[in-house]
Amino acid sequence: MTTTATRPPTFFFSTTNPNNPHAIARSKARRATYETWQAAMPSLDADINTTALSLVAAWSLPEGHIKSGLRAIHRLNSLPKVKAIQDTHCLLDIESLIAIDQPMSALTALTDETLDFIDT
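FYI, the numbering for the sequence shown is 1 to 120, going by the working numbering.
I should point out that these hints are in silico values taken from the structure, not numbers from a laboratory.
Listed below are the simulated DSS-like cross-link pairs for lysine-lysine, each with C-alpha atoms no more than 30 Å apart in a straight line:
| hint | residue 1 | residue 2 |
| --- | --- | --- |
| 1 | Lys67 | Lys28 |
| 2 | Lys67 | Lys83 |
| 3 | Lys28 | Lys83 |
| 4 | Lys81 | Lys28 |
| 5 | Lys81 | Lys67 |
Derived DEER-like restraints, expressed as beta-carbon distance ranges:
| hint | residue 1 | residue 2 | range |
| --- | --- | --- | --- |
| 6 | Asn19 | Ser54 | 36 to 46 Å |
| 7 | Thr15 | Thr50 | 29 to 39 Å |
| 8 | Pro18 | Ala109 | 38 to 48 Å |
| 9 | Asn19 | Ser43 | 39 to 49 Å |
All values derive from a computational prediction rather than experimental measurement.
Glycine residues also receive a C-beta, built at the ideal position from the N, C-alpha and C atoms.
Hey, can you work out the whole structure from these sequences and the hints?
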């Protein structure tokens, strides 16, 4: 019996299927939303509360959600491998980024070694 090797698909996740117009549209929406969050990031010396309140009016989202989103975007800087994947493929929506950030925020004394382990 012989087996034939098949060529793997050009996409790994169904959400990145280039042959599915719904996946394409959602991918574009994730990219646009991610870029919007990145553009809204305050400088490190800025007040997150002031930024969040200005975005509440502009985005019509709850203040708590905006603060969580800003923290999640900031968290990506401590996870360079995840950030590189996100910047390239934009697989995660803001809710997924928040879901990554929240348990990490509960950890105390995160060392570079721990962050590197999490980032693998």
